[in-house]
Amino acid sequence: MEETRTFADFGIHADIVAALEAHKITHPFPIQAMTLPVALDGHDIIGQAKTGTGKTLGFGIPILQRVTSPTDDGFATLEGAGKPQALAVAPTRELAVQVAQDLTRAAAGRGIRILTVYGGRAYEPQIDALNAGIEVVVGTPGRLIDLAEKGHLSLAHCRIAVLDEADEMLDLGFLPDVEKLLNMTPAGRQTMLFSATMPGAVVALARSYMTQPTHIRAISEDDSGQTVAAVEQFVFRAHAMDKVEMLARIMQARGRGLSIVFTRTKRTAAKVADELADRGFAAAAIHGDLGQGAREQALRAFRNGKVDILVATDVAARGIDVEAVTHVVNFQCPEDEKTYLHRIGRTGRAGATGVAVTFVDWDDLHRWVQINKALDLGIPDPEETYSSSPHLFSQLDIPEGTTGSLPRSSRTRAGLGAEHVEDIEGKPAGRPKGGLGNQAGRGQRKTGNRSASGGANKGESAPRAAKPRTERTTTTDGKVRRRRRRGGAANSSKTAAES
DNA sequence: AAAAAAC
-2 MEETRTFADF
8 GIHADIVAAL
18 EAHKITHPFP
28 IQAMTLPVAL
38 DGHDIIGQAK
48 TGTGKTLGFG
58 IPILQRVTSP
68 TDDGFATLEG
78 AGKPQALAVA
88 PTRELAVQVA
98 QDLTRAAAGR
108 GIRILTVYGG
118 RAYEPQIDAL
128 NAGIEVVVGT
138 PGRLIDLAEK
148 GHLSLAHCRI
158 AVLDEADEML
168 DLGFLPDVEK
178 LLNMTPAGRQ
188 TMLFSATMPG
198 AVVALARSYM
208 TQPTHIRAIS
218 EDDSGQTVAA
228 VEQFVFRAHA
238 MDKVEMLARI
248 MQARGRGLSI
258 VFTRTKRTAA
268 KVADELADRG
278 FAAAAIHGDL
288 GQGAREQALR
298 AFRNGKVDIL
308 VATDVAARGI
318 DVEAVTHVVN
328 FQCPEDEKTY
338 LHRIGRTGRA
348 GATGVAVTFV
358 DWDDLHRWVQ
368 INKALDLGIP
378 DPEETYSSSP
388 HLFSQLDIPE
398 GTTGSLPRSS
408 RTRAGLGAEH
418 VEDIEGKPAG
428 RPKGGLGNQA
438 GRGQRKTGNR
448 SASGGANKGE
458 SAPRAAKPRT
468 ERTTTTDGKV
478 RRRRRRGGAA
488 NSSKTAAES
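Start counting the first sequence at -2; every next residue gets the next number (our numbering).
By construction, these hints were calculated from the structure, which means they are not laboratory data.
Keep in mind that the hints are not guaranteed to be accurate.
[Unchecked claim] In the SDA-like style, the derived pairs of lysine to any residue whose C-alpha atoms are separated by at most 20 angstroms in a straight line are:
1) K80 x H149
2) K303 x G290
3) K21 x A11
4) K80 x D70
5) K177 x V200
6) K370 x E332
7) K370 x P196
8) K370 x Q223
9) K21 x A347
10) K177 x L202
11) K21 x V35
12) K80 x K147
13) K21 x A5
All chains should be modelled from the sequences, with the hints used to inform the complete structure.
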């Protein structure tokens, strides 16, 4: 049985096996088991597997296995020694950093030098590291090209090139840069493309950059959908002005764990983070208008659990792996079904369960209809969602007395902002087990458990917004600071206009 | 009325 094979059974270097074991990674996930033999033989691969199922190591282990380390025999005589032998490109800086960290962890003891090259940071450290010599470079396109054109980075000895989130990298916005980078690498290189989403047109385009690629899809037989079954999906019809209140209630009811709130614009991300902070939640924003330092600080605070709500644009939609994320809220509908899949895939990773909630207002509606159709999610006709709908409080399982009430205006006008909730996996409507406030359960983890996610009883954790003495505020540059509480209840009935 | 990615 494939599932019972260990990494050592695949002939992986003992140092890598040991490094993986140190992180409780002993058995390959399906996408890894399927790609390893092909990738280790040097073949080109188009690898597709659902979010959170181990794609990074699917290409990371072959890279580390195939690269010649300074500690290996023959390195001294290697042509282009010290110049990158492998290149991995990602669509966002934070993802590039994360991929490099994952590779670095797996490379421990192997002596391989891994460098992250990305924008928004000083040139000197990156240039210095390149001059000192590296074996693997991970980065974002702009800075990679920049350093290459300035002569600091040579890709002439990259025998391996990987596009992470490949469909995004081959999309219009990235394609020219990606093409430029690939053209800097040698013709005979091994090319590997990975993503959870691989439209047929992208596969066709991808083939023009590859040599007889093997298309590998790790998808279980009993499962035709693209969403991760462990992510329980909800949809709320909402008025724009009620969204913040709805979000606050979900955040209060959700139990312990981390949440990512996605918006479609940078401005809304900043605003929602502010609104949550005003209500006493520990929230931080991350989006492209922030300085790189603020971006990474926000993500770091989130990973630490110092901030338990990350309000993000789609900069955080792809690849970002934070184990303790139990809830994803689409405050605004994503642009397309691919983005929807990637966003909700920030939870339910590596065997864990998660909850995804999508708010749909008039502005979102055409996007939602499109997503629902493309993914065949089985949501009833949108018109149906306007009629008879369960009460928001019962849907959110929040005792009314503890949370205050919604503004009278929305109650009388629209029967409470959220008019409908549907379990889109086809189970009976109403509250499924646990519901929105459920502490998402953890499956068998491949990595060590975070203490933050352990030991929480379902729905028992106190609401974060319960009248703290001080409250956190997220400023527009992403910094989180403490300040004296303003007067007034933590749960005001204040709503925010979308604008 | 999108985001992201170099300076």
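(message) When the structure is checked against the list of hints, which entries are broken? Sort them ascending.
(response) Number 11 - this is the single hint that the structure violates.
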